[in-house]
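> Listed here are the chains, written in short residue letters.
Protein chains: 4
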Amino acid sequence: MEAYKHKIQYYETDKMGVTHHSNYIRWMEEARVYLLDDLGFSYKKLEESGIISPVTNVECKFVHSTTFDELISIKVYVEEVKSVKIKIAYVMTNEEGKIVCKGKSEHCFLDVNGGFINISKKMPDFYEVLLKNQSEETQG
Amino acid sequence: MEAYKHKIQYYETDKMGVTHHSNYIRWMEEARVYLLDDLGFSYKKLEESGIISPVTNVECKFVHSTTFDELISIKVYVEEVKSVKIKIAYVMTNEEGKIVCKGKSEHCFLDVNGGFINISKKMPDFYEVLLKNQSEETQG
Amino acid sequence: MEAYKHKIQYYETDKMGVTHHSNYIRWMEEARVYLLDDLGFSYKKLEESGIISPVTNVECKFVHSTTFDELISIKVYVEEVKSVKIKIAYVMTNEEGKIVCKGKSEHCFLDVNGGFINISKKMPDFYEVLLKNQSEETQG
Amino acid sequence: MEAYKHKIQYYETDKMGVTHHSNYIRWMEEARVYLLDDLGFSYKKLEESGIISPVTNVECKFVHSTTFDELISIKVYVEEVKSVKIKIAYVMTNEEGKIVCKGKSEHCFLDVNGGFINISKKMPDFYEVLLKNQSEETQG
Numbered sequence: 000m001e002a003y004k005h006k007i008q009y010y011e012t013d014k015m016g017v018t019h020h021s022n023y024i025r026w027m028e029e030a031r032v033y034l035l036d037d038l039g040f041s042y043k044k045l046e047e048s049g050i051i052s053p054v055t056n057v058e059c060k061f062v063h064s065t066t067f068d069e070l071i072s073i074k075v076y077v078e079e080v081k082s083v084k085i086k087i088a089y090v091m092t093n094e095e096g097k098i099v100c101k102g103k104s105e106h107c108f109l110d111v112n113g114g115f116i117n118i119s120k121k122m123p124d125f126y127e128v129l130l131k132n133q134s135e136e137t138q139g
Numbered sequence: 000m001e002a003y004k005h006k007i008q009y010y011e012t013d014k015m016g017v018t019h020h021s022n023y024i025r026w027m028e029e030a031r032v033y034l035l036d037d038l039g040f041s042y043k044k045l046e047e048s049g050i051i052s053p054v055t056n057v058e059c060k061f062v063h064s065t066t067f068d069e070l071i072s073i074k075v076y077v078e079e080v081k082s083v084k085i086k087i088a089y090v091m092t093n094e095e096g097k098i099v100c101k102g103k104s105e106h107c108f109l110d111v112n113g114g115f116i117n118i119s120k121k122m123p124d125f126y127e128v129l130l131k132n133q134s135e136e137t138q139g
Numbered sequence: 000m001e002a003y004k005h006k007i008q009y010y011e012t013d014k015m016g017v018t019h020h021s022n023y024i025r026w027m028e029e030a031r032v033y034l035l036d037d038l039g040f041s042y043k044k045l046e047e048s049g050i051i052s053p054v055t056n057v058e059c060k061f062v063h064s065t066t067f068d069e070l071i072s073i074k075v076y077v078e079e080v081k082s083v084k085i086k087i088a089y090v091m092t093n094e095e096g097k098i099v100c101k102g103k104s105e106h107c108f109l110d111v112n113g114g115f116i117n118i119s120k121k122m123p124d125f126y127e128v129l130l131k132n133q134s135e136e137t138q139g
Numbered sequence: 000m001e002a003y004k005h006k007i008q009y010y011e012t013d014k015m016g017v018t019h020h021s022n023y024i025r026w027m028e029e030a031r032v033y034l035l036d037d038l039g040f041s042y043k044k045l046e047e048s049g050i051i052s053p054v055t056n057v058e059c060k061f062v063h064s065t066t067f068d069e070l071i072s073i074k075v076y077v078e079e080v081k082s083v084k085i086k087i088a089y090v091m092t093n094e095e096g097k098i099v100c101k102g103k104s105e106h107c108f109l110d111v112n113g114g115f116i117n118i119s120k121k122m123p124d125f126y127e128v129l130l131k132n133q134s135e136e137t138q139g
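Residue numbers (numbering that gives the first Met the number 0), protein chains in the order written: chain A, 0 to 139; chain B, 0 to 139; chain C, 0 to 139; chain D, 0 to 139.
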């Protein structure tokens with residue numbers, strides 16, 4: 000999968016002159032949506048079929064600051080797939096190829112009433128695709 | 000009604016060193032929610048009773064810049080009330096009493112299916128309260 | 000100039016199920032930055048040469064709601080150019096070509112000390128490019 | 000120290016009907032600023048004296064969803080203080096006293112040129128206050 004690209008917007012900076020750290024969490028979501036599109040199971044379609052996948056855990060290590068007008072490349076890795084949850088890792092680099100941020104997120108699957116969904120039973124084809132795309136190495 | 004207070008957060012600033020202009024639009028929403036609470040018809044209750052009130056128009060005149068840690072006072076005025084729409088005006092001042100921003104917003108009332116609601120018929124008590132609180136002067 | 004494209008992100012929606020109105024103000028900034036890039040005077044370069052251009056006025060008419068995963072096309076028009084300020088208009092359409100939002104913004108030019116800059120004297124080449132790209136019609 | 004209070008805004012929700020997870024990261028910043036104010040070393044004053052304190056690491060465990068109009072209480076704990084970095088923990092509860100989110104952040108101290116600052120030497124009084132307020136227990 001190609002890296003997702005995010006152009007840093009002026010409104011994403013803060014008075015330190017750099018990108019406000021909360022935005023990296025949002026870019027992780029952008030990259031995750033892009034991954035799902037790429038796997039053929041868009042988040043929009045998942046929601047339309049009555050499945051939501053809220054974030055249960057998020058972490059982010061800020062390695063190098065970024066700012067307005069930079070183009071960030073975000074590689075997304077399916078790090079762990081279980082029937083009821085999934086772990087995703089993100090590695091973000093700037094135009095010089097320097098790592099600027101490393102992130103992880105965990106998600107569960109819920110139905111419209113908030114009940115947990117076993118994705119391997121409810122959507123076996125989606126589960127298979129996730130498994131097949133699981134990374135062999137974990138991202139630091 | 001007392002002015003609504005908003006403490007400016009670090010994440011609301013941008014690399015110019017001042018508050019990013021898009022946040023004033025959000026503070027208008029905060030102040031509007033506060034006004035409705037004060038009038039006894041909280042926005043939460045309106046939504047629970049099946050009424051939403053989307054913004055159809057917004058304008059904002061930025062008079063003086065603001066930044067992190069300032070406390071902004073926002074006065075809210077019901078400028079015009081009709082059966083199907085409402086106009087609200089906002090005057091924001093800093094701690095020195097200087098006007099920093101003047102805004103206006105217009106809203107309609109919709110039911111859960113997106114159909115227009117005539118608020119004077121559907122919620123006459125709310126309509127009366129809005130009318131009674133209508134400002135006598137318009138805010139520039 | 001080609002329209003600027005914005006893919007609506009999940010974090011830009013609100014509990015009404017649609018895009019929160021404050022984001023359109025941010026997309027106007029994205030489209031403006033894109034316009035300046037296209038004209039050969041990127042906002043980044045303007046800032047590096049000591050010129051900032053804060054928003055002094057903004058208005059937005061919300062015509063049709065939008066939501067997650069839609070691709071919005073934003074046409075940007077230089078509506079009025081004066082030595083000390085500029086007016087820009089924006090017309091946003093969804094994938095069906097339906098107008099979803101019309102916006103306007105006004106900007107002045109300031110130096111690093113916050114003093115007004117006469118752009119026709121300070122940056123005549125930029126001023127000429129803006130004038131040459133001025134739209135013949137105003138956008139409603 | 001009293002808990003910091005945050006009223007959830009409409010613009011902080013997303014189309015799932017709940018608070019978008021990126022906002023908790025922002026509330027952690029709000030609570031941290033509040034803590035520094037309470038300790039007598041406001042972040043504004045730190046910046047004015049030439050010290051910035053960027054986030055180098057952040058993590059967040061989402062325990063229970065929240066939504067518009069809820070009042071969240073955020074307890075902030077100084078978890079670890081070293082000469083060059085600090086760890087802060089956050090426990091957020093809703094109005095029923097239920098834990099909704101647990102977060103951690105790590106920060107370094109930099110001067111205006113981006114060089115690392117040894118806070119125990121540069122600002123011994125601030126360092127002492129941080130040490131004195133260090134929590135005895137870590138927050139899971």
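No wet-lab data here; the hints were simulated from the structure. Quick caveat, the model's predicted, so the values are computed rather than measured. In this text, a Cβ means the ideal position worked out from N, Cα and C, and glycines have one as well. Careful: at least some of the hints might be erroneous.
Unchecked claim - In silico BS3-like cross-links for lysine-lysine, where the CA-CA straight-line distance does not exceed 25 Å:
id, chain 1, residue 1, chain 2, residue 2
1, D, LYS81, D, LYS131
2, D, LYS84, A, LYS60
3, C, LYS60, B, LYS60
4, D, LYS81, A, LYS60
5, D, LYS97, D, LYS43
6, C, LYS6, A, LYS101
7, B, LYS101, C, LYS86
8, C, LYS81, B, LYS60
9, D, LYS97, A, LYS60
10, B, LYS86, B, LYS101
11, A, LYS4, A, LYS121
12, D, LYS86, A, LYS84
13, D, LYS81, B, LYS6
14, C, LYS97, B, LYS60
15, C, LYS81, A, LYS74
16, C, LYS97, C, LYS84
17, C, LYS84, B, LYS60
18, C, LYS120, C, LYS97
19, A, LYS121, A, LYS44
20, C, LYS81, B, LYS84
21, A, LYS97, A, LYS131
22, C, LYS60, C, LYS6
23, C, LYS97, A, LYS44
24, B, LYS44, B, LYS97
25, B, LYS43, D, LYS97
Unchecked claim - Far from chain B, some chain D residues (derived; all Cβ distances over 10 Å):
id, residue
26, ALA2
27, GLU29
28, VAL32
29, SER41
30, GLU127
31, LYS131
To be verified - Some residues of chain D that are not near chain A, with every Cβ distance over 10 Å (derived):
id, residue
32, VAL17
33, SER21
34, PRO53
35, CYS59
36, PHE61
37, SER64
38, LYS120
39, TYR126
40, THR137
> Hint by hint, say whether it matches the structure.
A quick look at each hint next to the structure:
A hinted pair counts as satisfied when its Cα atoms are at most 25 Å apart, and D:LYS81 with D:LYS131 qualifies at roughly 12 Å. Among the hinted pairs, D:LYS84 with A:LYS60 is consistent with the structure: their alpha-carbon atoms are about 14 Å apart, no more than 25 Å. Simply put, C:LYS60 and B:LYS60 have alpha-carbon atoms about 15 Å apart, close enough for the 25 Å limit, and the pair holds. Taking the CA atoms of D:LYS81 and A:LYS60, the gap is near 19 Å; set against the 25 Å cutoff, the hint holds.
This hinted pair does not check out: D:LYS97 and D:LYS43 have alpha carbons roughly 32 Å apart, beyond 25 Å. Between the alpha carbons of C:LYS6 and A:LYS101 the distance comes to roughly 24 Å, so the proposed pair stays at or under 25 Å and holds. With a C-alpha separation of about 18 Å, the suggested pairing of B:LYS101 with C:LYS86 holds against the 25 Å cut-off. Among the hinted pairs, C:LYS81 with B:LYS60 is consistent with the structure: their alpha-carbon atoms are about 19 Å apart, no more than 25 Å.
Among the hinted pairs, D:LYS97 with A:LYS60 is inconsistent with the structure: their alpha-carbon atoms are about 28 Å apart, more than 25 Å. Restraint check for B:LYS86 and B:LYS101: the C-alpha separation of about 14 Å stays at or below 25 Å, so the hint holds. In summary, the hint linking A:LYS4 to A:LYS121 is not supported, as the alpha carbons are separated by about 32 Å, beyond the 25 Å threshold. Proximity of D:LYS86 to A:LYS84 is assessed by CA-CA distance (about 29 Å); at most 25 Å being required, the pair is judged violated.
Annotation: proposed proximity of D:LYS81 to B:LYS6 is violated, straight-line Cα distance about 30 Å (limit 25 Å). With a C-alpha separation of about 28 Å, the suggested pairing of C:LYS97 with B:LYS60 is violated against the 25 Å cut-off. In summary, the hint linking C:LYS81 to A:LYS74 is not supported, as the alpha carbons are separated by about 45 Å, beyond the 25 Å threshold. About 31 Å separates the Cα atoms of C:LYS97 and C:LYS84, which puts this hinted pair outside 25 Å; it is violated.
Between C:LYS84 and B:LYS60 the CA atoms are separated by roughly 14 Å; this keeps the pair inside 25 Å, and the hint holds. Distance check on the hinted pair: C:LYS120 and C:LYS97 sit about 41 Å apart at the alpha-carbon level, beyond 25 Å; violated. Between A:LYS121 and A:LYS44 the CA atoms are separated by roughly 14 Å; this keeps the pair inside 25 Å, and the hint holds. This hinted pair does not check out: C:LYS81 and B:LYS84 have alpha carbons roughly 36 Å apart, beyond 25 Å.
Distance check on the hinted pair: A:LYS97 and A:LYS131 sit about 29 Å apart at the alpha-carbon level, beyond 25 Å; violated. As the CA atoms of C:LYS60 and C:LYS6 are separated by approximately 20 Å, the hinted pair is consistent with the 25 Å bound. A distance of roughly 23 Å separates the Cα atoms of C:LYS97 and A:LYS44; the hinted pair therefore holds under the 25 Å criterion. Note on B:LYS44 and B:LYS97: the hinted pairing is violated, with a Cα-Cα distance of about 35 Å set against a maximum of 25 Å.
For the hint pairing B:LYS43 with D:LYS97, the CA-to-CA distance comes to about 21 Å; that is within 25 Å, so the pair holds. Every CB of chain B is more than 10 Å from the CB of D:ALA2 (nearest about 16 Å), matching its label as outside the interface. Residue placement check: D:GLU29 does not keep its beta carbon more than 10 Å from all beta carbons of chain B (closest about 6 Å). Not every CB of chain B is more than 10 Å from the CB of D:VAL32 (nearest about 7 Å), against its label as outside the interface.
The claim that D:SER41 is not at the interface with chain B is violated, since a C-beta of that chain comes within 10 Å of its own (minimum 7 Å). Annotated as non-interface, D:GLU127 keeps its C-beta farther than 10 Å from every C-beta of chain B; the closest such distance is 24 Å. Every CB of chain B is more than 10 Å from the CB of D:LYS131 (nearest about 24 Å), matching its label as outside the interface. Listed as outside the interface, D:VAL17 is inconsistent with that label: its C-beta sits roughly 8 Å from the nearest C-beta of chain A, within the 10 Å cut-off.
Not every C-beta of chain A lies more than 10 Å from that of D:SER21, the closest at about 4 Å, which undercuts listing it as non-interface. Distance check on D:PRO53: its Cβ comes as close as 7 Å (rounded) to a Cβ of chain A, failing to clear the 10 Å threshold; non-interface status is violated. Once the 10 Å rule is applied to beta carbons, D:CYS59 is inconsistent with being away from chain A; the minimum gap is 5 Å. Its closest Cβ contact with chain A, about 5 Å, brings D:PHE61 to no more than 10 Å, contrary to its assignment away from the interface.
Annotated as non-interface, D:SER64 brings its C-beta within 10 Å of a C-beta of chain A; the closest such distance is 7 Å. With a closest Cβ-Cβ approach of about 23 Å to chain A, D:LYS120 is found to remain outside the 10 Å limit, as its non-interface label requires. Look at D:TYR126: its CB is around 22 Å from the nearest CB on chain A, clear of 10 Å, so calling it non-interface holds up. With a least beta-carbon separation of about 16 Å from chain A, D:THR137 lies farther than 10 Å from that chain, consistent with its non-interface assignment.
Hint check: violations occur at hints 5, 9, 11, 12, 13, 14, 15, 16, 18, 20, 21, 24, 27, 28, 29, 32, 33, 34, 35, 36, 37; the rest are consistent with the structure.
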